[in-house]
Amino acid sequence: MNKGYRNWGPPLLLIAPTIIVIGIFVYGLIGANISVSLSNRHSLVPATEFVGLDNYFALFAEERFIHSLQNLGVFTVFFIVGTMLFGFIWAWMLDKGVTAEGVFRSVFLFPMAISFVASGVVWRWLLNSAEGDRASGLNRIFEIMGLDFLQNAWWSEPGWGMAAIALPAIWQLAGYVMALFLAGFRGIPEELREAARMDGATEWKLYRYVIFPQLSPVALSALIIVGHMSLKVFDLIMAITKSIYQTEVPATYLWVALTANDYAKSATIATILLLFVAVLIVPYLIYTARAERKQR
Amino acid sequence: MSVVTETKKKPNVSRNTEMPGQSALKTRKRLSRTVKYVLLVLFLIVVLMPVYVLIVTSLKPPQDVNPATSWGLPVRWPWEPALEGGPTGFDNWALAWNALSASIGRTFLLAVPAALIASFLGAMNGFVLARWRFPYADIVFTVILFGMFIPYQAIMTPLVQMKTTLGLPSDISTLLIVHVIYGLPICTLIFRNYYASIPHELMEASRMDGAGMLRTFGSIVLPLSLPGFVVTIIWQFTSAWNDFLFALFLSNQNEGPVSLSLNNLAQGAQLANYGAAMAGALLASLPTLIVYIVLGKYFVGGLMSGSVKS
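Taken in sequence, the protein lines are chains B and F. With my numbering applied, the first sequence covers 4 to 299. With my numbering applied, the second sequence covers 1206 to 1515.
Isolated chain B, as found in the complex (with noise of 0.2 Å):
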């Protein structure tokens, strides 16, 4: 007896702080959330009854939710698709050993260093939607070089604007997925390499066969961390267009609906958008957890 608290004892009580207040910030928030958004607290006034799923039923028979849902997908499928192929073909790129690779590394890197607002800056200007003369921005560089048809309203242009958006996430973050797929080449042993080519594989079938397998893990890593950052984007939207219809994702509603004191309604989005969040985070954080048991 006295033997198990002298071994558990301390160990716990240097993490009982952590576990205590991620118990109540993490998972007793997100059970009064939850919570709210089963309620009728739709103002200032507290919460009379319980209303069930009503809320989640109105959010999704309303087009203005669709319409963010639609905004959001455009949105992740280009960001992802973008931040995988440049941090792809940028990692493949320095791989093969490049004279001051650590410049070019550097380079592509550092816009993970500033904040999105700071970066919304320079984008709002960059993606300004005046054409012809009047045309600044990118679309002025189109102008310059005699691509006057690629100049375009970007996130102002119903529909795809929203991919214009991923613009800047993009530039935000191909350069750490570069660094994820970088390491993940570094990790390959070169005897595979040697032992593919020494088979007579081609290049095709050593990156089919050896290189593309031993990459999965980290590609795997690299489009969760990616998608689930894509679903919160909220920072860089309100910088380059404030909380605004065309661009309006699940998070910037959610603050239209929390500003506007509708609480129930704040708590439905945010309870959506953890659920999305949680399909892709929990398999993942299970697999992980399993495949590192298996190591050990």
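Just so you know, the hints here were simulated from the structure itself, not pulled from any lab data. As the structure is a computational prediction, the values presented were derived from the model and not from experiment. Treat the hints with care, since some could be wrong.
Derived pair list, reagent style DSBU-like, types lysine-lysine, alpha-carbon separation capped at 30 Å [what the hints assert, rightly or not]:
1. B/208 with F/1234
2. B/245 with F/1241
3. B/99 with F/1368
4. F/1502 with B/99
5. B/99 with F/1231
6. F/1234 with B/99
Incomplete in silico selection of chain F near chain B, CB under 7 Å [to be verified]:
7. 1241
8. 1363
9. 1423
Only some residues are given here: those of chain F computed to face chain B with a beta carbon under 7 Å [claimed, not checked]:
10. 1249
11. 1255
12. 1257
13. 1329
14. 1343
15. 1373
16. 1449
17. 1467
18. 1486
19. 1490
20. 1492
21. 1493
22. 1495
Note that the Cβ used here is the ideal one computed from N, Cα and C, for glycine as well.
Fit chain F to the given chain B structure using the hints.
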């Protein structure tokens, strides 16, 4: 595109034996190498383009801003006298500094303690989770880790209500608590991975039984932990400095961090003064950029641990 397989870094054995037909292969290799460098430099230019825009625009006084020359260098540099004694490029920077200096100071007071406190708690947790296999340690770890991935929106509504109920101020002190709490999962993760990578023998120098472990942590483990601290402090400092979400929901422009006042400066300048907004964006980014340039290696370390595996 053909692929260059032999490099200086990874010498290939087969290269040493010259064979007929090698010279054509060499030409092809040289060509593909050139193509690669051209592409890399192009990417470099594209990635640096927004920085060029920020710097150049911040140096242009409002009266010199003209869409047609918006990509060009300033017509008049800040040190040249402006027409009719009007503002110069320096005035953008003065305007931005006046708008941001107070909040930059506040953000230091927020980000530095947030980084230190969360790192210290993370070190304790990481040590316990890596070295002290109490029952269900893995489950506890995963449960803590989930807190790092949740969208903070999912707790924002009750958090805002909680802040109102408790009467917490809309200033840096509330944000400090929040950043410490939500920084715990990643700090715990980084330290757990770090301690798992340190050889067992180093830490088992003094036999660890119960209370002995507290002493071990203080006298043996903490002094070994500097590399871990550098990574978590950089990570926490950067994310507290760059945070906008918590700042927006829990503080206000007069008492909040720099992200709020920068956003205010930028959005207020919707019509005319992009120059001041860009000067402000540069000022607000300077601390994290300096950290990145000086300690870039460790910055990458923090990024990597975001992918869970060590």
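Hints, one by one, checked against the model:
no., hint, verdict
1, B/208 with F/1234, "19 Å, holds"
2, B/245 with F/1241, "39 Å, violated"
3, B/99 with F/1368, "53 Å, violated"
4, F/1502 with B/99, "20 Å, holds"
5, B/99 with F/1231, "16 Å, holds"
6, F/1234 with B/99, "12 Å, holds"
7, 1241, "6 Å, holds"
8, 1363, "4 Å, holds"
9, 1423, "11 Å, violated"
10, 1249, "6 Å, holds"
11, 1255, "5 Å, holds"
12, 1257, "10 Å, violated"
13, 1329, "4 Å, holds"
14, 1343, "6 Å, holds"
15, 1373, "13 Å, violated"
16, 1449, "4 Å, holds"
17, 1467, "6 Å, holds"
18, 1486, "4 Å, holds"
19, 1490, "5 Å, holds"
20, 1492, "10 Å, violated"
21, 1493, "5 Å, holds"
22, 1495, "9 Å, violated"
Comparing the model with each numbered hint stated earlier shows that hints 2, 3, 9, 12, 15, 20, 22 do not hold.
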